[in-house]
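In case you want the letters, here they are:
Protein chains: 2
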Amino acid sequence: MSLISDISVSVDGFVAGPDADLDDPLGQGGERLHEWIFGLASWRDPHGLEGGETTPDDDIVREGRSRTGAVIMGRRMYSGGSGPWEQDPNAEGWWGEKPPFETPVFVLTHHAREPKPMPNGHHFHFVTDGIEAALEQARAAAGDKDVLVAGGGEAIQQYLAAGLLDEVQLHVPPVLLGDGVRLFAAGGPAGALEIDRVVASPAVTHLRYRVVK
Amino acid sequence: MSLISDISVSVDGFVAGPDADLDDPLGQGGERLHEWIFGLASWRDPHGLEGGETTPDDDIVREGRSRTGAVIMGRRMYSGGSGPWEQDPNAEGWWGEKPPFETPVFVLTHHAREPKPMPNGHHFHFVTDGIEAALEQARAAAGDKDVLVAGGGEAIQQYLAAGLLDEVQLHVPPVLLGDGVRLFAAGGPAGALEIDRVVASPAVTHLRYRVVK
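Line by line, the protein sequences give chains A and B. Residue numbering for the first sequence follows the working numbering, beginning at 1 and increasing consecutively. Residue numbering for the second sequence follows the working numbering, beginning at 1 and increasing consecutively.
Be aware that one or more of the hints could be misleading.
Since copy identity is lost for identical chains, a pair holds within one copy or between any two.
As the list claims (entries may be wrong) - The calculated SDA-like cross-link candidates involving lysine to any residue, where the alpha carbons are at most 25 Å apart (straight line), are:
1. K116 with V199
2. K116 with I131
3. K213 with P202
4. K213 with S201
5. K213 with T103
6. K116 with P25
7. K116 with G39
8. K116 with Q169
9. K145 with A41
10. K98 with R67
11. K116 with R139
12. K98 with I37
13. K145 with E167
14. K116 with D146
15. K116 with R44
Read the hints as simulated data drawn from the structure, not as lab findings.
Put together the whole structure using the sequences plus the hints.
Encoded structure:
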């Protein structure tokens with residue numbers, strides 16, 4: 001029962017392109033970070049799509065799904081950029097009518113609101129009392145499974161800085177975004193990792209690290 | 001006959017730690033980026049040391065040495081930080097009496113000066129008319145071999161932005177520096193790479209990309 005992060009990041013270190021907003025939540029060029037995943041069976045299934053590739057990349061996505069019992073995300077990842085949320089703390093965000101999450105999702109925010117149901121019976125829960133409280137709630141929901149900090153970079157970096165993160169998995173497609181939202185902003189924690197697993201495919205490199213505490 | 005870059009970078013994207021200066025040219029913690037290489041036979045040899053490990057990491061360093069016919073570096077990499085050079089354009093830098101370079105080295109600078117000999121018969125050449133001129137001179141010196149942009153990050157990014165770089169090799173040890181000198185500063189070129197080779201060891205991951213032009 002670990003706290004893990006798992007995110008696609010460009011070779012130059014960005015998890016979204018520049019000028020991300022509600023219309024373009026991944027920013028300019030940001031969809032290129034995720035192209036490696038769209039064709040995979042394990043991605044298509046929870047998005048309501050049939051078929052897809054069953055490659056080693058697919059195995060890794062499938063593994064991530066099966067071990068995840070709850071998800072934590074920052075409020076900007078929920079709302080698709082900071083703009084809409086600042087204007088309306090009840091903004092619905094951009095995950096649409098059928099969010100692809102197969103577990104409860106805990107959103108880090110300063111605005112209290114009622115849990116928002118998903119059609120599959122799970123809920124978005126809004127946690128206003130900090131990252132440790134969110135983790136506690138997520139662990140309770142996850143049971144024996146792991147808790148995933150899905151993003152954005154700021155949320156991952158906060159859990160890392162607090163010494164709470166156990167594992168960092170980076171999916172690195174061969175892309176340079178040039179600018180955008182950093183996974184690791186300057187002023188983050190210094191520390192040591194251990195290389196846990198490296199899986200390479202023509203489309204993406206999967207780098208998994210254990211955090212040394 | 002390619003133009004290649006080959007540099008160690010932390011998981012969070014830094015090629016030197018914070019507060020780099022002449023006394024500490026790699027910055028705080030920056031030596032952790034290079035610990036994977038110090039024990040290798042192929043690193044010890046050009047530094048005048050005997051013995052060392054012969055591992056897959058060693059093979060990669062040896063390969064890099066054998067294909068390199070000339071080196072280009074930025075002035076801060078030559079002088080060990082910007083401070084000394086700003087005060088004295090003839091500052092000797094920090095490479096010491098026996099620099100480890102086995103080829104001519106071309107230093108990008110705004111200060112013209114005479115070539116500086118190394119004991120092995122090669123020279124540091126100081127090029128004041130830009131990155132293309134330095135590349136032309138380096139290519140002439142390299143013959144059939146490749147030209148290596150050794151660093152720092154700014155020099156690599158300039159050659160990449162100019163469309164002159166053919167290959168990017170990153171050696172990524174499991175280290176977080178938290179802050180320091182970025183390999184890829186924001187505002188760099190966006191573009192596509194191709195994954196050429198991934199070699200993993202317990203100490204470091206070697207990621208080699210071809211630049212798509």
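List, from low to high, the hint numbers that the structure doesn't satisfy.
The structure breaks hints 1, 5, 7, 8; every other hint is satisfied.
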